[in-house]
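Protein chains in written order, with our numbering: chain A, 1 to 369; chain B, 1 to 410.
No lab work stands behind these hints, which were simulated from the structure alone. Computed from a predicted model, the values in this text were never measured in an experiment. Check before you lean on any hint, since a few could be wrong.
[Said to hold, decoys possible] Here are the simulated lysine-lysine pairs, DSSO-like style, with alpha carbons at most 30 Å apart:
(1) A:Lys-366 <-> A:Lys-244
(2) B:Lys-356 <-> A:Lys-85
(3) B:Lys-35 <-> A:Lys-244
(4) A:Lys-244 <-> B:Lys-71
(5) B:Lys-177 <-> B:Lys-71
(6) A:Lys-10 <-> A:Lys-37
(7) B:Lys-177 <-> A:Lys-177
(8) A:Lys-26 <-> A:Lys-85
(9) A:Lys-249 <-> B:Lys-152
(10) B:Lys-136 <-> A:Lys-79
(11) A:Lys-285 <-> A:Lys-366
(12) B:Lys-33 <-> B:Lys-48
(13) A:Lys-4 <-> B:Lys-71
(14) A:Lys-85 <-> A:Lys-163
(15) B:Lys-33 <-> A:Lys-285
(16) B:Lys-356 <-> A:Lys-244
(17) B:Lys-356 <-> A:Lys-249
(18) A:Lys-37 <-> B:Lys-177
(19) B:Lys-48 <-> B:Lys-152
(20) B:Lys-9 <-> A:Lys-163
(21) A:Lys-285 <-> A:Lys-244
(22) A:Lys-249 <-> B:Lys-136
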Amino acid sequence: MAIKVVIDDKEITGYAGMTILEAAEKVGIHIPTLCHKPDLSPTGVCRICVVEVEGSPRAVGACHTPIVDGMVITTRSPKVLALRKAALELMLTAHTGPCVTDSEIKQCELNSLASELEMGPPRYTVREPRFYPVEEANPYVRRDLSKCILCHRCVKACEEIAKKNVYSIGYRGFDSKIIVDCDEPLNREVCRDCGICIDYCPTSALTRPISWAETDEEKNDLAGAEEQPGSEGNNRERLLEMLKAEQSKSRFVSPEVIGDIAQSLNVGVSEVYGVATFYSFLSTKPLGRNVIRVCKSLPCYLKNAQMIIESVHRAIGIGPGETTPDGEFSFELTNCIGACDKAPAMLVNHDVHGNLTPDRISEALKSYS
Amino acid sequence: MPEKNVVLKHCGIVDPHNLTTYLARDGFEAFEKVKATMTGQEVIEEIKASGLRGRGGAGFPCGLKWELARKSGNGQKHVICNADEGEVGTFKDRYILENDPFTLIEGIAIASYAVGAQQAYIYLREEYHYLFDLLKDAVSQVAEKGILGLPKIDVVEGAGAYICGEESALMESIEGKRGQARYRPPFPTDRGLFGRPTIINNVETLMNIPQIIHNGSDWFSAIGTDGSKGTKVFSVSGDVKRPGVYELVLGSELRELVEDLAMAEDIQAVQVGGAAGRLIPESMLDTPLSYENVLGSGAVMALDQTRDIIDVVRQTIQFFAEESCGKCVPCREGTEVMVEILGRMVKGDGVVEDIKTLEDLSEVMMLSSLCGLGQSAPVAVLDSLEHFGNEYQIRIEQSVFLRGVRAVRG
Chain A
1 MAIKVVIDDK EITGYAGMTI LEAAEKVGIH IPTLCHKPDL SPTGVCRICV
51 VEVEGSPRAV GACHTPIVDG MVITTRSPKV LALRKAALEL MLTAHTGPCV
101 TDSEIKQCEL NSLASELEMG PPRYTVREPR FYPVEEANPY VRRDLSKCIL
151 CHRCVKACEE IAKKNVYSIG YRGFDSKIIV DCDEPLNREV CRDCGICIDY
201 CPTSALTRPI SWAETDEEKN DLAGAEEQPG SEGNNRERLL EMLKAEQSKS
251 RFVSPEVIGD IAQSLNVGVS EVYGVATFYS FLSTKPLGRN VIRVCKSLPC
301 YLKNAQMIIE SVHRAIGIGP GETTPDGEFS FELTNCIGAC DKAPAMLVNH
351 DVHGNLTPDR ISEALKSYS
Chain B
1 MPEKNVVLKH CGIVDPHNLT TYLARDGFEA FEKVKATMTG QEVIEEIKAS
51 GLRGRGGAGF PCGLKWELAR KSGNGQKHVI CNADEGEVGT FKDRYILEND
101 PFTLIEGIAI ASYAVGAQQA YIYLREEYHY LFDLLKDAVS QVAEKGILGL
151 PKIDVVEGAG AYICGEESAL MESIEGKRGQ ARYRPPFPTD RGLFGRPTII
201 NNVETLMNIP QIIHNGSDWF SAIGTDGSKG TKVFSVSGDV KRPGVYELVL
251 GSELRELVED LAMAEDIQAV QVGGAAGRLI PESMLDTPLS YENVLGSGAV
301 MALDQTRDII DVVRQTIQFF AEESCGKCVP CREGTEVMVE ILGRMVKGDG
351 VVEDIKTLED LSEVMMLSSL CGLGQSAPVA VLDSLEHFGN EYQIRIEQSV
401 FLRGVRAVRG
């Protein structure tokens with residue numbers, strides 16, 4: 001069934017499943033993109049391609065939103081332009097490196113986009129911009145993650161085109177990072193004769209090492225490449241459950257176990273590590289026999305959680321993020337545990353201790369050691 | 001008093017460990033009634049007529065959600081009960097699960113019948129692991145009772161991530177993945193868990209279902225206001241003498257809840273709806289608690305006159321920065337930038353431009369973040385700028401002074 005939409009006052013007839021971006025391109029309306037590539041499935045992470053859709057309270061990502069009959073779309077209103085600039089400005093803020101001025105290594109899309117949108121230098125600051133040492137371990141791909149803007153293009157290209165699943169996203173929030181295996185330097189033979197991720201990287205986060213001397217024919221010859229497991233397969237949904245079981249058995253998930261799980265579920269190692277580092281109750285470092293989690297969210301904060309944190313420190317001699325030398329306790333801070341009617345509160349393993357006072361801490365912890 | 005027990009009707013009366021006590025009251029009669037006398041579509045019509053809206057925070061009309069899933073093809077469908085109660089200051093679902101898991105299971109059974117699902121899930125946050133066995137036991141007691149037409153119910157557990165209370169991230173998590181939000185469309189009712197049409201309902205929403213079937217949609221829609229039918233269970237914390245769980249008729253005034261029931265004194269502001277919720281100044285305590293005004297997850301946190309509002313806002317944004325899944329730019333980077341600004345502000349190092357930056361960033365995050373987390377993260381910032389703008393002005397003036405002192409001292 002033909003679908004009629006209006007983009008910037010132009011009437012367009014499209015088909016079901018066509019995205020706003022595709023419909024716009026059909027009539028020569030240019031919508032800038034960054035995380036999107038036509039041959040990769042959309043992720044919608046960068047928010048550069050946002051447009052206004054009449055009746056929608058929020059901006060809409062053009063690369064992943066299908067057109068619907070009667071849609072009225074505006075691609076260049078002042079509001080849309082401001083949102084695009086802001087998204088780009090935010091990406092530039094935490095991004096270290098001379099990418100915007102240095103186009104020597106390769107053409108930087110961030111740089112081009114900044115000129116296209118007439119951007120000045122970013123107004124924002126962050127506490128600590130992302131900085132990672134340049135990684136030269138791999139003879140085929142040089143990684144400079146300080147320049148990475150987390151567009152996911154390398155992850156998708158590796159998964160969907162090369163079908164190697166080398167990359168994943170690890171950690172979460174601002175700490176998110178493109179990882180290989182258990183966040184190890186990229187040093188995989190599987191990358192030999194590939195380099196697709198380099199072609200898809202919009203910045204110079206991924207580049208060819210200086211010694212790279214291959215031809216395009218070689219690069220595209222994937223026939224001999226070792227195939228990595230795909231992410232589709234049986235029991236994939238058991239991953240979190242398996243990690244949790246391992247966490248409670250061994251008190252952490254080791255790289256060895258991550259490797260085993262990846263193999264048994266037929267998914268990439270980085271994928272398993274990415275899941276393991278996303279959830280706060282999973283740890284990739286050994287925790288103590290008992291884990292204390294003091295709630296620091298607002299209801300507990302108002303009831304002097306800080307004092308409880310100090311009392312725990314005094315009682316077991318370690319600060320948040322640490323484990324006692326005898327391996328008895330690990331001490332962590334957590335967000336809301338839903339015991340706000342008993343604030344300040346903490347979890348010890350899975351037990352709730354509420355209405356805490358400094359003198360009750362030692363008593364509460366006694367039963368665990 | 002505006003208190004009324006609909007959702008909490010059986011709490012404290014039935015034994016959560018013993019199904020017989022639930023059956024001895026009207027337990028599973030609503031489910032039997034539905035199976036004997038109603039088609040799935042008729043159940044949906046009844047829920048639509050009741051005006052029940054989602055109790056998790058977003059307030060989507062429940063019957064409409066079910067209908068979208070029911071009409072989405074004839075294949076396998078899923079029902080998910082969202083028991084990932086992570087919104088700061090919310091503990092009403094914990095109270096419900098602790099006291100009355102059976103009504104919830106009956107609600108899930110009716111929902112599954114209505115949409116045509118054979119598989120249901122209860123997604124429980126790991127912070128509530130101490131309820132895991134209780135829930136599993138309740139599910140098996142019901143299964144062993146031999147009640148016909150029940151869906152298979154699996155209790156699955158998260159592993160510590162606020163974002164997994166967001167429906168698309170929750171489905172990712174059940175699929176064993178990182179709890180990252182998905183873009184929409186496709187909506188879960190169309191392509192949800194494992195790509196199947198799925199409804200995700202909050203614990204409290206599902207608790208209302210057996211009562212609506214029992215008493216009829218007319219009875220239910222007579223409670224509350226025009227746009228907010230029924231009751232709401234609130235979790236009250238902060239500067240109050242009687243923190244706890246209260247069930248009120250929708251449309252009751254915020255003042256009745258925090259001052260009369262929870263006995264707060266000397267209020268400066270109340271945060272309604274948790275970190276993602278509104279910051280209501282004392283002068284607006286007469287605001288009705290309803291979808292038309294202010295509601296959210298049911299978290300109500302009172303702040304007395306001694307509290308530093310900017311520090312409260314900083315804490316709130318810090319929470320979002322820690323809990324952002326990190327997928328989209330406005331949320332991942334925006335929360336971090338806001339933490340930097342508010343952190344400086346609290347320490348006495350704010351600049352005049354910070355206000356404009358906070359306003360601009362808030363708009364960007366609300367308009368272009370992928371999911372509800374990034375979209376609602378700036379609410380506390382904007383509300384505080386609106387109602388407590390003076391606090392920011394004072395803080396910036398102090399900052400100017402302090403910088404002068406530092407410059408003189410070298």
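Inset, instruction - Could you check the structure against the hints above and give me the numbers of any it violates, in ascending order? - result: When the structure is compared with the hints, numbers 3, 4, 10, 14, 15, 16, 17 and 20 turn out to be violated.
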